[in-house]
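Assemble the whole structure, with the sequences as input and the hints as a guide.
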Amino acid sequence: MVEKSSNETLIGVNVIFPELQTGTITNEYGFYSITLPAGIYKVIFSTLGFKNVTQSIELTENTKWNLELEESTEELDAIVISQDIEKVNIRNPQMSVNALSINTIKKMPVVLGETDIIKSILLLPGVTSAGEGASGFNVRGGAADQNLILLDEATLYNSSHLFGFFSVFNPDAIKDLKLYKGGIPARFGGRISSVLDIYQKDGNRNELKGTGGIGLVSSRALLEGPIVKQRGSFLVGGRSSYAHLFLPLFNNENIAYFYDLNTKLSYKLNNNNNLYLSGYFGRDVFEIADSFSNTFGNTTLNLRWNHLFSDKLFSNLSVIYSDYYYGLTLKFVEFDFDSGIRNMNLKYDLKHYVTDKLQLNYGVNAIYYKFIPGEIHPTSETSGINAQKLTDKYAVENATYLEAEIKITEKLTVQAGMRLSTFNRLGQNELYLYENDNPITFNNDLKIYQKAPAIDTISISTSNTIKSFAHLEPRISLGYELNEISSIKTSYQRMAQYIHLISNTSSPTPFDVYAPSGKYIKPQLSDQVAIGYFRNFKNYSLEIETFYKEVQNRLDYTDGADLIANNAIEQVLLSGEARAYGLEVLFRKNEGKLQGWIAYTLSKSEQKTPGRTPEEIGINNSNWYHSAWDKTHDISVTANYTWNAKWSFGANFIFQTGQPATFPNGQYQYNGIVVPTFEKRNSSRLQAFHHLDLSATLTPSKNQGRNWQGEWVFSIYNLYDRKNAASVSFRENTNIGKNEAVKLSIFGIIPAVTYNFKF
Amino acid sequence: MKLVKIITIFLAISLSSCEEVIDLDLNEANPKLVIDASINLEEDGSTFAFIKLTTTAPFFNTNIPFVADATVSITDENGIQYPFTHSENGIYLGNLIPQDSIDYTLNINYKNELYTATTHLETAVPIEFIEQRNDGGFTGKDIELKAYFTDPAGVPNFYFFEGLSSKGDSFDALKDTFFDGNLIFGYYLVEDIAPGDTVHFNLYGINETNYNFLFTLLLQTESPGGPFETQPASVRGNITNQTNPENFPLGYFRISEVYRFSYTVQ
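These protein sequences, in sequence, are chains A and B. My numbering applies: residue 25 is where the first sequence begins, and numbers increase by one. My numbering applies: residue 259 is where the second sequence begins, and numbers increase by one.
These aren't lab readings, by the way, just hints derived from the structure by calculation. Hints are all accurate, no fakes.
No farther apart than 25 Å at their CA atoms in a straight line, the calculated lysine-lysine pairs in the BS3-like style are these:
hint	chain 1	residue 1	chain 2	residue 2
1	B	K310	A	K762
2	A	K762	B	K425
3	A	K471	B	K290
4	A	K471	B	K433
5	A	K475	B	K433
6	B	K369	B	K310
7	A	K28	A	K782
8	A	K88	A	K292
9	B	K433	A	K355
10	A	K762	B	K290
11	A	K471	B	K310
12	A	K413	B	K433
Written out as structure tokens, the structure is:
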């Protein structure tokens with residue numbers, strides 16, 4: 025199933041046979057398959073953003089039916105979603121998932137006019153972040169490292185640029201994205217809270233086209249076209265920020281910029297075989313005067329081969345290389361620090377459309393990891409820093425899964441799957457051994473946790489295993505159709521996560537490293553149940569879901585843990601538990617000139633780290649405390665209004681309970697230093713967070729029929745200039761000798777203009 | 259680590275962000291005893307031994323209450339007792355010249371509770387010279403001072419570094435994991451420092467527990483509540499309340515060799 029002018033495959037197209045009251049949906053590669061009795065049928069092909077196609081088809085034998093769909097322009101009669109089409113979605117037991125089209129995302133008003141995928145998913149129910157400018161996102165109370173972020177099936181380790189102000193995704197290169205918050209199918213694993221599955225466009229197979237935009241802070245350009253007409257295509261897109269070039273005007277010699285490059289080659293070998301080669305390269309660069317410079321970013325390269333064994337068996341083989349690099353140079357101390365994580369991933373996924381009542385998905389997955397916690401090089405002979413290499417760590421993560429989607433009765437569909445995942449921590453140099461395998465001791469007199477001294481250091485060859493883990497992860501979802509327009513769904517999932525982001529800040533920073541499970545760190549395990557009610561009205565849809573999640577082995581840190589360049593991280597880690605529960609309501613208008621949604625989430629997310637024995641105090645005295653991203657109420661409203669061919673308007677309104685904070689409850693002086701004493705962790709809150717953003721898009725009428733199309737996007741972020749608290753610091757004002765609470769706000773009212781073009 | 263502070267300041271400078279002093283109602287915890295017991299052995303062999311006792315106060319108070327009615331003494335492992343008497347403002351003075359390799363125990367009796375801690379002398383090394391750069395810091399225009407010393411090789415060493423001047427103070431806790439045996443420096447950067455100002459550098463020898471204490475303490479003061487905040491923590495020192503362990507004191511008891519260097523900014 026492809027888009028007419030570019031031959032770009034289409035994901036999520038509904039293929040409906042109204043007379044049989046059945047249908048299917050195209051997969052991530054635009055492929056669909058359905059088994060029906062012979063006969064003549066009416067078939068409707070429909071998806072948001074495209075004109076419906078209704079055809080008559082006579083089925084006498086196995087048939088390949090490829091189709092081209094035409095994009096619908098806004099002013100045409102709104103897409104008529106008939107009851108027949110909605111029937112399929114109502115029945116699909118997949119719940120807790122939000123699919124967003126890139127067109128919807130591009131219409132949302134954003135900070136500095138930069139369309140941002142991560143900021144858009146924050147508008148969905150169940151998704152929040154630790155604060156403005158926090159990097160990463162949090163799904164259903166989960167931590168930022170518990171999201172599996174896939175770009176064309178390659179794992180990304182850092183989803184943001186410039187400490188969270190921008191995401192790493194160039195919206196022009198993206199075709200489709202889906203966020204799974206629960207009911208995660210067995211084909212996904214490795215992270216316990218969510219899966220953000222993003223696909224890049226393949227590239228126009230018919231003609232050379234380009235898109236791009238020039239904005240206040242960054243610009244982007246993308247070129248796509250055929251290599252071999254109708255068969256092969258390429259796509260190259262780049263984006264770079266340049267705001268730092270204005271800093272010298274403010275007497276500031278610092279540099280902060282990012283750039284990324286998206287590339288893709290696709291080639292259709294024949295009707296049964298397709299090849300894709302995708303790549304992504306992104307970097308952030310910071311320099312502070314002459315003293316400090318910092319570079320970090322993701323690189324991915326993957327090769328995929330789609331192969332159709334038969335009309336019913338679709339397969340995809342991916343070979344993926346992924347690299348996250350982090351480098352730091354401190355010129356005033358004269359050393360370089362490099363760290364990263366590299367992996368090679370082999371995946372083989374099969375989709376078997378057995379009958380119209382049974383679809384099977386199965387496959388295998390193997391990832392080889394190399395964790396490079398860091399290498400320190402002195403940069404000059406006179407440097408006072410010694411060269412040091414923190415021990416590299418190696419691991420292999422494997423999985424195999426089988427899932428079945430079975431239509432049990434007319435009204436009841438089940439998606440049941442099982443995933444078996446294993447993790448082998450391989451040998452390394454310098455493995456520290458401790459007495460009783462205990463890297464942390466508790467000093468009962470001082471009531472503090474202390475690092476246990478290593479009693480021995482051993483080296484184990486990488487072809488041996490230090491420790492291995494295996495977990496069965498059952499996944500099950502049920503969908504029960506109450507009537508033609510409504511259904512109830514319920515799901516249960518168990519997920520295992522073997523790598524952990526070591527970070528004790530409220531949101532990830534670039535200094536954070538990933539650590540594999542092993543002798544001293546156990547994998548995180550989560551169990552989540554969810555129940556939901558889904559209903560379609562004429563132009564609206566309503567989804568109400570409630571969930572409950574428990575996590576075991578959530579890592580926590582001893583007080584004052586020094587995580588940077590720590591070769592024995594196990595000496596500062598404690599194992600705790602986490603839980604989250606909530607209610608999510610999503611009310612959407614999908615048709616007409618006014619479209620958008622209202623999302624409301626009521627939730628709680630907390631964790632606790634009890635002592636390992638009754639004498640130990642644990643963290644926060646073994647009490648539950650709110651996680652840094654716990655927001656009791658989270659309301660997001662987004663709307664887009666198409667007035668005519670020339671103008672369309674967008675608006676966002678967000679309201680959230682203030683984020684948790686730990687406030688001082690006293691002060692003292694030691695050695696002339698004023699030190700605060702603190703209350704229980706995260707027991708207070710900052711003020712409520714809210715802002716209203718507007719945008720207006722002008723498409724000049726002289727565009728019609730022209731090759732070069734441009735549009736102007738005017739946006740205002742934070743219209744009423746609310747100084748939302750990104751954080752509150754407590755410190756001494758040395759000028760007046762008094763203590764103060766100082767609120768830091770990052771974004772006041774920010775107008776922006778972006779010019780977007782395509783040709 | 260200073261790194262986090264650097265990034266926080268950098269972000270504040272380079273964005274349209276703004277800082278605003280706000281009013282907050284904060285809870286008040288029960289007062290706790292704070293013990294600042296630092297016995298410093300000078301280069302010339304003399305010691306100015308004083309112990310300062312204060313209590314915690316509500317966060318926005320401008321003055322810190324001091325303790326005048328405690329009984330303070332230090333006893334060494336041979337049983338010799340050194341009494342300390344209160345002079346003024348919570349400062350207790352005594353006569354004690356610390357010897358190498360002898361354990362000293364601090365005893366404080368306050369409100370019928372006994373607080374104790376035991377430690378011994380930790381050595382330091384001399385500050386050899388100061389290097390001044392006029393193009394340092396984040397703007398590239400600040401005066402930056404580095405106080406150089408040579409770390410003894412092959413032994414784990416920990417230091418408390420101070421740079422004090424009328425324009426501002428800078429503190430750092432250092433461990434020699436990355437610079438063992440090398441010529442290394444303590445870093446001093448205060449915005450308003452100008453030629454003619456005098457900066458007093460002090461390098462104290464400390465042990466690992468003291469290093470952890472100071473590291474955690476400085477974290478509380480550098481960016482508590484900032485965007486890259488680490489979780490604020492109650493900083494536990496090495497002093498325990500023998501009578502009522504739950505009512506633990508704040509502060510630390512240390513005995514250090516100290517080397518000082520005064521420098522006038524060029």
